[in-house]
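Visitor: Each chain, letter by letter, is given below.
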Amino acid sequence: MQTDVLIIGAGATGTGIARDLALRGVHCVVTESGDINAGASGGNHGLLHSGGRYVSNDTEAARECHEENLLLKRLAPQCVEDCGGLFVAVQGDDENFIADYPGWCAKAGVPVKTIDPDLAREMEPVLSDKLIAAYEVADASIDPFKLSLENMAHAKALTGSTLLRRTAVIGFDIEAGRIVRVQLVNTVTGEKSSIEATQIVNAAGAWTDRVAAMAGADISMLYSQGTLLVTHERMTDRVVNRLRPPGDGDILVPGGTVSILGTTSVTIPNPDLARPTVAEVDVNVRQGAGMIPSLMDTRYVRAYCGVRPLISAGGGDGRSVSRGFALFDHEDANLSNFCSVAGGKLTTFRMMAEKTADLVCRRLGNTKPSLTVSEPLPEASACEWTEPGRAPKLWAARHDSGDELLCECEMVPASAVDEIIHSCRDEFPDPGLQALGKRSRIGKGSCQGAFCGVRVAAHLYENGQMDSRQGLVKMREFFEERFKGQRPALWNAQLVQAELAEALHCGLLGLELVNPDDPQEVE
Amino acid sequence: MTPSTNLTCDLAIVGTGIAGMAAAVFARKQGLSVVQAGSTGAISYTSGVFDVLGAIPASGKDDGIRTIHQPFAGIPALLEAFPGHPYGKISPEDIRCAFHDLIEFLRYAGVSYQAGSDRNYRVISPAGTLKHTWCVPKTVLPGCIALEEKTPTLILGFKGLKGFSARQVVANLKEFWPGLRAERIEFPGFESGELYTEQLARTLETPDARQRLAEAIAPLLSDARAVGMPAVMGMHRPIKVAQDLAMRLGVPVFEVPTMPPGVPGIRLKEAFEDKLPEIGVDLFCQQQISGTIPASDSPFTLRITGQPVEREVRANHVLLASGRFLGGGLAGSLDGIAETVFDLDVVQPETRSNWYQVDYFDPRGHAIHTTGLQTDDKFRPLDENNAPVHPRLFAAGSILAHQDWIRMKCGAGVAIATAYAAVEAIAKP
Ligand SMILES: Cc1cc2nc3c(=O)[nH]c(=O)nc-3n(C[C@H](O)[C@H](O)[C@H](O)COP(=O)(O)OP(=O)(O)OC[C@H]3O[C@@H](n4cnc5c(N)ncnc54)[C@H](O)[C@@H]3O)c2cc1C
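Protein sequences, first through last, are from chains G and Z. So that you can map any letter, position 319 of the first sequence is 319 in our numbering, and since no number is skipped, the others follow by simple counting. In our numbering, each residue carries its 1-based index in the second sequence increased by 1000.
No wet-lab data here; the hints were simulated from the structure. Just so we're clear, the structure is a prediction, and the values are computed from it rather than from any experiment. Every residue, glycine too, gets a C-beta built ideally from N, C-alpha and C. Careful, some of the hints might be misleading.
Stated by the list, open to error - Label-pair restraints from in silico Cβ distances:
no., chain 1, residue 1, chain 2, residue 2, range
1, Z, Asp1223, G, Asp418, 30 to 38 Å
2, Z, Ser1117, G, Leu273, 44 to 52 Å
3, G, Thr189, Z, Ser1333, 39 to 47 Å
4, G, Pro111, Z, Gly1060, 34 to 42 Å
5, Z, Asp1223, G, Arg299, 51 to 59 Å
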């Protein structure tokens, strides 16, 4: 296989680079070891930062966030909910920090408005009655799945650029300072292949250092795991931030019909080992409750985590490392067609993509400017099922009585499943439940896939998409994956739900006994 | 509180799940007066089959799970691996007696069951896996026999009934059951829209509906010598419905359990709710019951709330059969697991981090399911000094510690057997 540019990693940055390059007429292949947004882009807070979070300790990052925030609201409004945001302090919080805040905002060029704590509580009634200060900022929430899917869809429409899912880079063949071939492996089948590209871009997020090392280039990174919690219902209209130096459990971001509470910052030795833990969940809940007391007894449907790809210029913990990004041309490692980009934020992905594409184009001799600052991101219809709260509207509008509702929590009908399979046929000929979950709200509701997983599997068998015991293995994998996020959030009502789920999966269906190589003991 | 709302009894049963319902049957048989109350237990979520023992979870991470074919013969191995399991306090003969008495009551209530002899039956699940269980509704039985004999069989699905795919069942079983086939039809009279099993079951109560269904199936029969379908064969006289369909088709028909809540579970719930009052149980469904532990020589004073008239119950004995998290007998919070009625001691892991294994399908199962009440040999809950909390307070069913009904496939067995043993201890102290 051959392409102009091979991009490693299909997160916001990788897919963003593909779109930026495609707008300049360049053909790309994006290769991803998991599925789209398998890394931090699928495990973040979904906050389109106003910059307010970083004014106290990282003016540069704050400024970048502010600029990109304005751009994305204008150019990709379908991915953004412009809900606004508050920074609030409660009794006991640092008075000096509160007083200095507007000044820091001014210095970073981040607009801020002081508001009366009583007014803030009127705007967001769940806020603590111990509120002592409040500022309004231009925070918004952003759907990262839709963003990456649409970036990729646009790149495909423009130059036929493609995404290779479940395809990991495992090595580079280097001759005379150039990568002449990239070695790949299919992470499901183990099948090996290779690809030739004129330029290679490493946008592997928390794995950037490892990919660079395969080419003999050195990047020093810090893996900072952050755990987040999804509430059963949306708790506020706006983003609510704790007005204090960045710490655990101090931001609540609305995401359609739910809210996301986070996050922690725990340095881990290996990004492959990231998993949300009970301890981090407890910290988030107890810290968050200082700002919004009802967080203590609200219902959470699951937890998830991501690993921040932070560039560590020696020393410092996850909180103190800059949220700015770094672009490495690797010329010091004597490579002329390889670059890496890491750090930054989801909010600044476009800027990162632009700067990276500038370097790539310079090397390709392509003189076209970046268009992502002015060209709106087209809305791809295949992505409409990812949006929380959207499915019920679509369902109500199109509903015909023969269309079974397979996911009752999030109202995903059978026709949607068929549509997703159809529209993604060339991209994933072998649709598992996981891939459907990525592209719709299946498994995201209060039952966390316990029931719809069974129903969707039955539907796939009925349609002939599944026709062997491998289907049971796929069901197992789907439930196992959903469980990762449920495990740390199981208490109160959600624990009851989990008991029912396991009664169904193991008590009735005996899925824990399934062994595909040894069809059930039958004498 | 006016006098008319006061009740007195020998035994107050907390909980209306299988354990509570079975206990009421046993207690009446012993001649005890019974008041029973509870919110809807997990009973309508049961598949309707009664497990005694189907598997022994792994002891180590790399061990396998042992599938059990002979449940009673398997109990010693279970107790060796899980010494605290409630079966350690009951003899196999008593377990059989308990099942016998309950099956007799259920037959009287219109729902017939067949217990196995020494072996478990293998029941076809809606996913096309097999469930090893000991006692099955008579409407399920022909499927177990067809599987055993590899009879050419047609599995039938209904358009609009989600969560059930005949093709899924066949795809997963055809390897060793070559004569198995799948078809999907429109359920006569329900040609469009979503179907619900409960609604179909009530429809099939009429001979007319059965005739039309049989007519729709007949052309698809071909060489099939048995027909399986989702569990929808009537609500009150299921065996009559099954026999009638079989007669019209000329081959046995059987039910495949469906996702919860399924018809066989609802049948059980309705059978108990209809017939327990008939045998003299004061049954209060969908009610909360609360109270405190009295001095050891005093009777219990309990309060039934949740309906217009609150009632006060004076009971000589109390049986706690309030279930686990789904039933409401246990509650898990950030700080730990609590028993919800009397705040009894709950055996549980040190921290919430240890409630669950990391992997969902870990062959050892999860510690949370073996939490619960620790009891003496008579099923009286113990306090922190290992003494009975009260001489006349008993517990039965899934609230008991050291059993994992989900992974061991022993849910109905533990519920029915421990209810039996506790009632024996109450009636013959
Ligand atoms: C807990 C948390 C909360 C956050 N909250 C916010 C927020 O609210 N707002 C915000 O703006 N930012 C937030 N961020 C930061 C933001 O998520 C990241 O900066 C951004 O998603 C990074 O995108 P990326 O594409 O560079 O990396 P990733 O999304 O990690 O993409 C890298 C991809 O490369 C793939 N890959 C790795 N190795 C290979 C290989 N050898 N071959 C092929 N593919 C490979 C990975 O599977 C992965 O999909 C948060 C981050 C975390 C962890």
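Visitor: Which of the listed hints are broken here?
Guide: 4
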